[in-house]
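Protein chains in written order, with the working numbering: chain A, 1 to 100; chain B, 101 to 200; chain C, 201 to 300; chain D, 301 to 628; chain E, 629 to 956; chain F, 957 to 1284.
What the hints contain is simulated information worked out from the structure, not anything from laboratory work. Ideal Cβ placement from N, Cα and C applies to all residues, glycine included. Do not take every clue at face value.
To be clear about the criterion: a stretch of chain F counts as covered by chain E if any three or more of its residues have a C-beta under 8 Å from a C-beta of chain E, and this derived list gives those stretches [as the list claims (entries may be wrong)]: (1) 988-995; (2) 1063-1075; (3) 1087-1093; (4) 1136-1144.
Here are the simulated DSSO-like cross-link-like pairs (lysine-lysine), alpha carbons at most 30 Å apart as the crow flies [claimed, not checked]: (5) E:Lys887 x D:Lys331; (6) D:Lys533 x D:Lys331; (7) E:Lys887 x E:Lys952; (8) F:Lys1125 x A:Lys70; (9) F:Lys991 x C:Lys282; (10) D:Lys533 x C:Lys223; (11) F:Lys1190 x C:Lys222; (12) B:Lys199 x C:Lys282; (13) B:Lys123 x E:Lys782; (14) F:Lys987 x C:Lys299; (15) A:Lys99 x A:Lys70; (16) C:Lys222 x F:Lys1023; (17) D:Lys331 x B:Lys182; (18) F:Lys1215 x F:Lys1152; (19) A:Lys82 x A:Lys23; (20) C:Lys270 x C:Lys222; (21) A:Lys82 x C:Lys299; (22) E:Lys752 x F:Lys991; (23) E:Lys659 x E:Lys797; (24) F:Lys1110 x F:Lys1190.
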Amino acid sequence: MNTHPMKLVTIICEALAREPLKKLLAEVGAHGYTLFAVEGDGSQGRRTADIQEFANIQVEVIVPPPVAEKLLSRLEQEFFAKFAMVAYETDVRVLRREKF
Amino acid sequence: MNTHPMKLVTIICEALAREPLKKLLAEVGAHGYTLFAVEGDGSQGRRTADIQEFANIQVEVIVPPPVAEKLLSRLEQEFFAKFAMVAYETDVRVLRREKF
Amino acid sequence: MNTHPMKLVTIICEALAREPLKKLLAEVGAHGYTLFAVEGDGSQGRRTADIQEFANIQVEVIVPPPVAEKLLSRLEQEFFAKFAMVAYETDVRVLRREKF
Amino acid sequence: MQIDFFHALSANLLSPAVLFFALGIVAALIKSDLKFPEALYVTLTIYLLTALGFKGGVAISEAGIAKVILPALTAMLLGTLIPLWTYPLLRFGGKLRPVDAAAIAAHYGSVSAVTFITATNYLKGINEPYENYATAFLAVMESPAIIVGVLLGKMTLEKQSSIFNGSLKSLLREAVFGRSVFLLVGALIVGALCGKVGMDKVEPFFVTPFQGVLALFLLEMGMVAGQRLSDLKKVGPFLVAFGIIMPLLHGCLGVLLGKYVGLSLGGTTLLGVLAASSSYIAAPAAMRLSLPEANPALYLTPSLAITFPFNITIGIPVYFALAKFFLN
Amino acid sequence: MQIDFFHALSANLLSPAVLFFALGIVAALIKSDLKFPEALYVTLTIYLLTALGFKGGVAISEAGIAKVILPALTAMLLGTLIPLWTYPLLRFGGKLRPVDAAAIAAHYGSVSAVTFITATNYLKGINEPYENYATAFLAVMESPAIIVGVLLGKMTLEKQSSIFNGSLKSLLREAVFGRSVFLLVGALIVGALCGKVGMDKVEPFFVTPFQGVLALFLLEMGMVAGQRLSDLKKVGPFLVAFGIIMPLLHGCLGVLLGKYVGLSLGGTTLLGVLAASSSYIAAPAAMRLSLPEANPALYLTPSLAITFPFNITIGIPVYFALAKFFLN
Amino acid sequence: MQIDFFHALSANLLSPAVLFFALGIVAALIKSDLKFPEALYVTLTIYLLTALGFKGGVAISEAGIAKVILPALTAMLLGTLIPLWTYPLLRFGGKLRPVDAAAIAAHYGSVSAVTFITATNYLKGINEPYENYATAFLAVMESPAIIVGVLLGKMTLEKQSSIFNGSLKSLLREAVFGRSVFLLVGALIVGALCGKVGMDKVEPFFVTPFQGVLALFLLEMGMVAGQRLSDLKKVGPFLVAFGIIMPLLHGCLGVLLGKYVGLSLGGTTLLGVLAASSSYIAAPAAMRLSLPEANPALYLTPSLAITFPFNITIGIPVYFALAKFFLN
Ligand SMILES: Nc1ncnc2c1ncn2[C@@H]1O[C@H](COP(=O)(O)O)[C@@H](O)[C@H]1O
Ligand SMILES: Nc1ncnc2c1ncn2[C@@H]1O[C@H](COP(=O)(O)O)[C@@H](O)[C@H]1O
Ligand SMILES: Nc1ncnc2c1ncn2[C@@H]1O[C@H](COP(=O)(O)O)[C@@H](O)[C@H]1O
Ligand code: NA
Ligand code: NA
Ligand code: NA
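So here's chain A without its partners, still in its complex pose (with noise of 0.2 Å):
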């Protein structure tokens, strides 16, 4: 059994960045991403969960290591000052190098 390093990028943000997110995502070149929705507090205050629109989402996708720095960049140029977000790399292996 092979493992491969991968990067893990978790984006945790309001419900609305979700498209702009997916389309990011898609220009970047991920090629999945697994979403769920969350509850959160941080510097922009509370999110319950009662609006949708106004929910939290927290999104996961697995690339590789140069995608991941390309991701991060365009989310700190793009979306930091529009929405309510954190984001952060982790070192995870893969199996299947070539799926990501």
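With chain A held as given, fit chains B, C, D, E and F with the ligands onto it using these hints.
Relative to chain A, chains B, C, D, E and F with the ligands alone:
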């Protein structure tokens, strides 16, 4: 306070794999797991969250490194061909080593 | 683009620990957190997601390493005996260090 | 009389609510993959409590608060006192640890809203009228025993760590403002303020479909209770017997008190049901927070897997028969 | 007769249920951000199946089980046999891989509860009575074809790996205890035990609002089906034609059998609808688990994006017209 | 007249809907752990919009589209124009940044469906008939002001980055196909196509329990609004006053227009309510996407924590009194 290195194995897959997966976790000797519903997109198409039978789940399980290896290799051999699935491992540090 | 090392502390526990946990996060100086409902199995039995009071939550919080250490050690001392709980830390890299 | 009782029993056992409850237990036993979404469970709870409180409030506005006070205080007193004899019984009869005895005592002094609702359902089914304001008894009986039980337990334990210092204060807060009490009392007040005029507007939502919603909810509760059945071995024969005998004793007591405060046959039955019922949501949650040293299997399992199903199926017609017996 | 049919057709197309279904398809096509929460979808499913089963059970308790047995067995037999001719047709006519042919055959032998419910709705709309116990036919027709289909598929495949060895056993288990069959049969039994007395209690919840709930659910199903429309290119013209022609043939067959077992005009229509309908929940789930080698686009898309909408809109009045024709 | 008004006011304040709203505010203020699941919130929204649209559509099919066009266009025009005077008032009177003034103007030109529904509820409660097709006014008034507000705001800002270039196009798309407008207009069309025949089928689901569902929903909305009350300090006295005075002015204007286009007393009241109401879901969502530079506390808080509760409690009977005054 003493933290100990462990592996976090994350598996994202269609909900149908749930029961076989639980069985596998027990077989390889995991002592617990955490599971939640997610949406996702990947090589096998978008998975929305409406029809329960076709939804996605994310399973996270903390195990000692040898168990992680066994788990990943059995996933590769027995599950990847049958289910839409992504699996990866992350290095984490836990308290109470004996729990895992 | 500059990324900075941080600790991601993940806590999986019964929903009843929610308010004491939030209080603890504030006390140790975390600037935000993310929270969602999960199902799980562990040494203290299966937790299904029906009765809200007995469900599981997963809390993820990004903090500087010293805060992570403080958080984990207080969890160990004050929470582990009282609540079904798993806690671990992961190395992550964030943008905007000053946020955490 | 005997024929009467079997009639009453089968009327209960063959009602949709109880049969759906049984179906839920079957689903749990055969490990069916049927599962109610958490949101549905919460929604049904909110609906049942709100509807119940609202109807009760309208009934109070019709009957006048004066009529309600005496029986409500009696109900509250009963809830407060029950732990005082269940605790020693469990401690010395059952040889349980003090903290476990206290926790179980809290459960059996407190009440189960679902059991109460099923009983009103049953009375409606056999066309037996009852004081609609009896909901007020339910509202005031949930918390006192929990507080008494926690106090009993605390007295046997050492000091708590920093985060939990305020735990007694937060216990009292929870007892008054907790989800279920808040909804029940809040809807009761809303109903009392609206009266009959308000009821006319929302009756098709809060009243007409109520019994059907209850049936659906009991399907889910059957699954919840059924999943606990496998824990029965852990609790031992003493607690199993306790979970059936205590409700019968408390039911008797409730019925007698109901008679002395002048309730009707239906109302007397309901006070018996409340006394006999034990909590399996509010009390366990309070114990986890305020008496975390107590063992959940010992307090939750008897309450949820024995007393609750027993009351739902056999208990209710028994308390009704008792009420009939004592009122004649 | 022709005028009659167009009348029947427009009565169906202009019903709230079908129009909301169309609205759902529009929502999917214009990629509206309208989305039903998963919990709502599951809740609506649970409600519809429980209500349907319960009503059917009450009907059985009124009609007597004797009347139900023969048509139910006939329905079951029909479901078992359908894969036996659809498989060779798909295999040799459609040049599909054996495992795909088997999977599709399973879908078309099995049934769609939503199509059945929409048909009962339609009959109610045109004031055509039917045997309420027809729900029993639905209950017994879901699983047999799935089992036959999986067996057909297995015969063409090699041995499975360790975890999936028990897969045949778990398939049978799923066929009998799976969510939808369990709810339907369970509620049927509950209804049969309660009878009319029980029905009176829960009618305002399980019966009165039923058609409205169905309309809301079909809005969601329209979105689900609409999202699949873009996959139609993947399935090719043979399967598109198959998805329309087979329902018509099976509808005929069902109607004829309905006539021979002595069902009313309404009941005959319903047996036609069941035969014509194809599964898009139970069968795909079973295929993913038991025939994972089959291609989901090939079995799910025709069933969900062609046959289901076709039956809902045009099929139902056609099977009604056929039943009328044959019964005269 | 005065007595009349106090009568009308107390009829509103003592209705279940408004009292449950107050209960929700209390829950938020005492930080109760009562919480509606997100899925329930979404379900209630879907139900209310669908039911409202459907009823409106049936009403249009009865009244004929000709009768609806003139008042609907008037309503739309009013929505379009309101930002044109609120913007300068906020900009120069309130000394707000241009982008914030534009965002707030968009909110007050747009409408609140829940306020509208509560008003229809109120009219039903006092037995005052109204044009059921008024739902069409609601449907056409949501978007225009949002578009005008965003355009006003954009004119004051620099160019956007790549991902957001299409933002104006997507704004228009959202305005026409967004969740709430889509559901409302879609259900309106479905209702218009079904007419009375369709209504008979789904009335027990979409009409009869409607007022009760609204009461439950307002309990949740009370919590949502109540959580915002703590932000009131951030918005300052100008916006607090604005949030009460503007609805009164716009209510007057709406009532006058309603009179001139020949609506009934009920319909005139509803047009006043629509003009007076401000958006707190569609508009904030649009602002976050299209004017992300605007400060949410400044636009959401006045709309949700001041204007919405004011209209629900006091505003509606005031606009009714105004309509009565002007129509005599
Ligand atoms: N330190 C943190 N750890 C984990 N999640 C965070 C943290 N800070 C913010 N978040 C999440 O990111 C969302 C947006 O953050 P913010 O922009 O700071 O309001 C919050 O609602 C949280 O869900
Ligand atoms: N690159 C990725 N990053 C994160 N999640 C992924 C990725 N690719 C696939 N997934 C998740 O794994 C599921 C199955 O993937 P697949 O088998 O590629 O369809 C998808 O529905 C996603 O939820
Ligand atoms: N090895 C594990 N891996 C992942 N999650 C776990 C593990 N063990 C326990 N958990 C989670 O932590 C919760 C509490 O654990 P416990 O205290 O062991 O019952 C469980 O319900 C699971 O959700
Ligand atoms: Na009790
Ligand atoms: Na079929
Ligand atoms: Na307005």
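Right, here's what the structure says about each hint:
By the rule of at least three residues with a Cβ nearer than 8 Å to a Cβ of chain E, the coverage given for the region 988-995 of chain F holds, with 3 such residues. Under a criterion of three residues with beta carbons nearer than 8 Å to beta carbons of chain E, the stated coverage of the region 1063-1075 of chain F fails, only 0 such residues being counted. Evaluation of the coverage hint for the region 1087-1093 of chain F: breached, as 0 residues show C-beta separations to chain E shorter than 8 Å, against a requirement of three. Check on the region 1136-1144 of chain F: 4 of its residues sit with their Cβ under 8 Å from a Cβ of chain E, so the three-residue criterion for coverage holds.
For the hint linking E:Lys887 to D:Lys331, the alpha-carbon distance of about 40 Å lies beyond 30 Å, and the restraint is violated. Taken as a hint, the D:Lys533 and D:Lys331 pair is honoured in the structure, with Cα atoms around 19 Å apart against an allowance of 30 Å. With a C-alpha separation of about 10 Å, the suggested pairing of E:Lys887 with E:Lys952 holds against the 30 Å cut-off. Note on F:Lys1125 and A:Lys70: the hinted pairing holds, with a Cα-Cα distance of about 27 Å set against a maximum of 30 Å.
Distance restraint check for F:Lys991 and C:Lys282: the Cα-Cα separation of roughly 25 Å lies within the 30 Å cut-off, and the hinted pair is therefore satisfied. Simply put, D:Lys533 and C:Lys223 have alpha-carbon atoms about 38 Å apart, too far for the 30 Å limit, and the pair is violated. Taking the CA atoms of F:Lys1190 and C:Lys222, the gap is near 25 Å; set against the 30 Å cutoff, the hint holds. Between B:Lys199 and C:Lys282 the alpha-carbon distance is near 16 Å, which keeps this suggested pair within the 30 Å criterion.
With a C-alpha separation of about 23 Å, the suggested pairing of B:Lys123 with E:Lys782 holds against the 30 Å cut-off. For the given pair, F:Lys987 sits about 28 Å from C:Lys299 by alpha-carbon distance, which is consistent with the 30 Å threshold. Restraint check for A:Lys99 and A:Lys70: the C-alpha separation of about 18 Å stays at or below 30 Å, so the hint holds. Restraint check for C:Lys222 and F:Lys1023: not satisfied, since their Cα atoms lie roughly 57 Å apart, outside the 30 Å limit.
Only pairs whose Cα atoms come within 30 Å are accepted, and D:Lys331 paired with B:Lys182 is accepted, the gap being roughly 24 Å. Of the supplied pair hints, the one linking F:Lys1215 and F:Lys1152 holds, its CA atoms being roughly 28 Å apart against a limit of 30 Å. For the proposed pair A:Lys82 and A:Lys23, the alpha carbon gap of about 16 Å is at most 30 Å, so the pair holds. Using a Cα cut-off of 30 Å, the hinted pair C:Lys270 and C:Lys222 holds, with the two alpha carbons roughly 15 Å apart.
With a C-alpha separation of about 16 Å, the suggested pairing of A:Lys82 with C:Lys299 holds against the 30 Å cut-off. With a C-alpha separation of about 40 Å, the suggested pair E:Lys752 and F:Lys991 falls outside the 30 Å cut-off, and the hint is violated. Proposed proximity of E:Lys659 and E:Lys797 is contradicted: the alpha carbons are some 41 Å apart, above 30 Å. For the hint pairing F:Lys1110 with F:Lys1190, the CA-to-CA distance comes to about 24 Å; that is within 30 Å, so the pair holds.
Hint check: violations occur at hints 2, 3, 5, 10, 16, 22, 23; the rest are consistent with the structure.
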